[in-house]
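Asks: As a plain string of letters, each chain reads:
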Amino acid sequence: MRTGSATLALIVLGLPFASFLLLALVRPLRRSAGAAAGVSITAIAGALVAAILDFRTAVPREPTQSPSTTWAWLPGDGGPMATVGVMVDDLSLTMLLLVTLVSLLVQVYSWAYLHDEPRPSLGRYYAYHSLFAFSMLGLVLAPNFLQMFIFWELVGLCSYLLIGYWYDRPSAARAAVKAFWITKLGDLGFVAGIVMLWSATGTFDFWTLFSMGTMGTLPVELLPCIMFLIYLGAVGKSAQFPLHIWLPDAMEGPTPVSALIHAATMVTAGVFLVNRAFPLFRLTPDVLVLVAWVGAFTALLAASMACVDDDIKRVLAYSTVSQLGLMMAAAGAAAPEAGFMHLVVHGVFKALLFLGAGVVIHVFHTNDVFRMGGLRPWPWTWLPFVVATLALAGVWPLPGFYTKEAILAGVLHAHLTLPFLMLALTSLLTSFYMFRVVFLAFFARPHGHAHTPHVPWLMDYVCRLLAALTLAIGFRMAFFGEHHEGPGWLPAFSLTLAGAGFVLAWAMYHRRVVDPARVAAALWPIDALARRRYFLDAIFAGLYRWVLLTFARLIGWTDRYLVDGVLNVLSAWTLRAGDRVRGLQTGLPQDYVYGVALGVLLLFVLAQWSLR
Amino acid sequence: MTGEMLGFAAVAVVLLAASLGVVLTPNLFHAVLYLAAALVATGVVFLLLDAPFLFGVQLLLYAGGVVTIVVFAIMLTERLVGQSIQQTSRYLINGAVLSAAVFVGVVGFLVQMPAIGPRQAWPGELTALLGRALMGPFVMPFELLAVLLVIALLGALYFARSDT
Amino acid sequence: MPLGAYLTLAALVFAIGLFGVLTRRNAVGILLGIELMLNAVNINLVAFARFRTDLAGLIFTLFTISITVAEVAVGLAIVIVLFRVRRTVEADHLDLPRG
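Residue numbers (our numbering), protein chains in the order written: chain F, 7 to 618; chain B, 523 to 686; chain D, 2 to 100.
Hints listed in this document are in silico derivations from the structure and should not be mistaken for laboratory results. Careful: at least some of the hints might be erroneous.
Unchecked claim - Have a look at the derived ranges for each label pair, beta carbon to beta carbon:
#1 F:Asp597 x B:Gln642: 45 to 51 Å
#2 B:Pro574 x F:Val602: 25 to 31 Å
#3 F:Asn574 x B:Leu598: 54 to 60 Å
#4 B:Val626 x F:Val575: 41 to 47 Å
#5 D:Asp55 x F:Gly589: 45 to 51 Å
#6 B:Gly658 x F:Gly589: 32 to 38 Å
Every value quoted in this text rests on a predicted model; they were computed, and no experiment measured them. The beta carbon of each residue, even a glycine, is placed where N, CA and C say it ideally should be.
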């Protein structure tokens with residue numbers, strides 16, 4: 007257990023924020039893309055340096071010592087109702103490193119990838135990147151639920167802005183809105199859970215809540231409900247079933263954006279939440295079981311959809327959903343450290359996969375794998391991607407092998423047999439669909455004559471850097487890391503699954519000995535459903551439309567008949583009463599004498615009354 | 523039954539009958555005649571109330587002047603219209619109900635009145651007293667009355683002039 | 002006779018006069034009703050003056066009679082003028098103040 011310097015953490019947080027402010031307020035700076043990129047990249051590089059420093063200078067702490075530094079914010083009776091600050095422990099230190107590193111690499115890569123963009127748009131892009139870095143770092147450093155929720159929403163906003171970067175494309179705009187709505191659904195549960203927790207305990211602060219949990223003073227009656235609601239936020243953000251439908255569409259954004267936020271950072275916020283709040287989740291084992299089941303199911307579902315897609319980015323998106331399911335399953339199996347380790351290494355090699363895909367997209371100007379191929383003579387195009395694929399498939403000695411084995415061991419240890427089987431099948435499919443992409447995109451027979459692909463050196467070097475990092479992490483884990491005890495047959499089993507997937511893909515898409523169409527026909531129900539995304543998108547769209555239209559009709563009816571109706575009735579009655587009363591003014595003096603006589607009678611009655 | 527009571531009863535009957543005749547008879551000229559009878563009966567009531575001067579004034583001004591004026595007016599308007607002086611009434615029941623209600627209201631106050639004792643004698647000759655009062659404390663209203671009559675005369679003259 | 006008898010008689014005549022005012026169609030007929038009402042008022046005044054031995058009641062009655070005469074004269078003059086213009090004495094047709 008360690009704690010780091012709060013000052014350094016604030017520097018890490020402050021640099022991207024300063025960059026964003028500068029770019030947002032100073033218009034000429036933003037409109038000149040080069041200067042904007044320079045500011046943003048410098049800021050994030052500085053943040054990375056500070057993060058590394060913080061990580062290396064972290065000191066051990068006692069279990070009873072709080073790693074948070076907070077300042078009072080919202081006033082309340084008996085102490086502030088909400089605080090702001092930073093919580094610098096092992097979890098957040100690691101995330102700081104991951105977020106700043108991947109952000110830096112992606113921002114540098116973007117400079118080459120989006121080189122043809124109009125200058126002001128590119129400046130806007132870098133402003134968004136700075137904002138996103140700030141939001142994600144704030145989320146990771148949050149010492150209480152409220153601050154985390156605020157940054158959670160900010161991250162969602164940045165996702166919307168970045169997915170819809172090319173806002174004049176209708177598909178991109180729609181995808182951005184869809185992402186926002188679906189994650190918002192999950193956020194409803196999140197905020198409800200937070201508020202219920204606060205009303206039960208009176209605090210948002212993590213450290214206080216964890217202490218209450220260990221001392222047993224946490225009110226436990228509603229805790230499962232609360233933790234389930236908080237988990238819903240993670241379901242939305244980390245694309246668990248059934249709120250996973252936004253992630254494939256989010257690929258409308260630029261590829262570097264997908265690499266950053268839909269692989270390494272934003273989508274991992276949900277997993278991070280579960281890890282951060284794990285001392286509370288530990289007290290509700292039923293919710294954890296649900297988490298594990300949903301995670302395993304999501305992993306399998308997404309993997310099945312990845313096997314039939316032709317768009318390289320969409321395959322990677324489904325792969326991300328699948329891996330997120332894997333991480334959640336680990337948390338659900340009470341092995342959050344394994345899931346978190348997978349989160350970190352997955353962030354690195356998934357970003358590499360996306361950036362490598364960016365390279366091949368740049369070469370062929372299309373996302374369709376069936377229109378690519380013939381890159382075997384130029385290893386520097388496919389080697390980083392293949393390294394990352396091996397890591398994802400879980401081949402020794404690359405990082406994915408150890409983390410996946412740890413997760414499977416954890417799930418097995420928690421006696422969750424069916425989830426384990428689902429995850430095992432997922433491993434097989436993961437290897438299969440990744441190698442399918444590799445064979446089709448890089449090694450397939452070329453369509454025209456082959457000529458040297460032109461790839462900007464910046465993109466190429468970033469990919470090589472990430473590949474080297476992946477290999478380094480893998481070797482470190484293989485030769486210097488501690489190995490957890492798991493069933494002896496597990497490593498061999500997972501390697502077999504990976505190997506089987508490779509062989510299948512090789513047979514179907516490289517050697518062409520097995521016809522993919524025949525396999526598809528044999529598995530036709532699953533194949534048909536997977537191609538149509540299991541109709542989930544259609545169900546959501548239909549439901550949304552139905553609810554919205556019904557509500558709109560109700561409101562319209564109320565407005566026309568109740569609100570307008572009341573006014574119309576009142577005015578009609580007034581007019582009619584006026585017409586009737588006018589009838590009294592006949593103009594005949596005798597009728598007025600009647601009135602006078604009646605008045606006199608009334609006076610008589612009043613006088614008699616007062617005399618009584 | 524004293525003589526005074528008999529006299530009062532008789533006069534009351536005449537007065538009421540004549541009043542009903544005024545309001546109920548369809549012929550307007552007959553109504554005017556009934557009015558004359560009612561006015562005379564009222565004068566007799568004044569007599570019963572030991573106010574002979576007022577009896578005289580009533581006969582002269584009301585029974586004499588007002589009735590004459592009304593007769594002239596009927597003759598003039600009836601000739602202009604050129605039809606007989608028949609007329610029907612409107613909303614008899616409503617009017618009857620309202621009048622009865624007003625009567626009941628007034629009587630309601632009457633019954634709550636404390637009884638006032640027997641009549642005292644006038645301190646002197648009534649007519650002389652009246653004369654002295656008109657020239658004494660009530661001389662201002664008296665003079666103003668004269669002005670009013672002049673104004674009424676002028677007004678009537680103005681209305682009576684021809685349109686040329 | 003007690004005072005109440007005279008007052009009751011006056012009230013009756015007043016009510017009858019009011020009935021005439023409300024129900025007569027002819028304008029002159031309405032004026033006759035008004036005359037009856039004024040008459041009743043006079044009886045009231047004289048009765049109160051006699052029973053309280055107060056001269057003021059009688060003076061008031063004299064003035065009332067005089068003013069009534071003036072009022073009748075002017076009123077009938079108006080009725081005659083109205084005729085020259087409207088060619089009718091029907092009260093139902095004299096509805097100029099109609100709203």
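Asks: Hint by hint, note whether the structure agrees.
Replies: Here is how each hint holds up against the structure:
For Asp597 of chain F and Gln642 of chain B, the Cβ-Cβ distance of about 46 Å falls inside the hinted range of 45 to 51 Å, so the restraint holds. For Pro574 of chain B and Val602 of chain F, the hinted distance range of 25 to 31 Å is not satisfied, since their beta carbons lie about 36 Å from each other. Range check, Asn574 of chain F to Leu598 of chain B: Cβ separation about 57 Å, and the 54 to 60 Å hint holds. Checked against the hint of 41 to 47 Å, the C-beta distance between Val626 of chain B and Val575 of chain F comes to roughly 42 Å, which is consistent with it.
Our hint of 45 to 51 Å for Asp55 of chain D and Gly589 of chain F holds, since their Cβ atoms are close to 48 Å apart. Range check, Gly658 of chain B to Gly589 of chain F: about 55 Å between beta-carbon atoms, so the 32 to 38 Å window is missed.
The structure fails to meet hints 2 and 6 from the earlier list, while all remaining hints are met.
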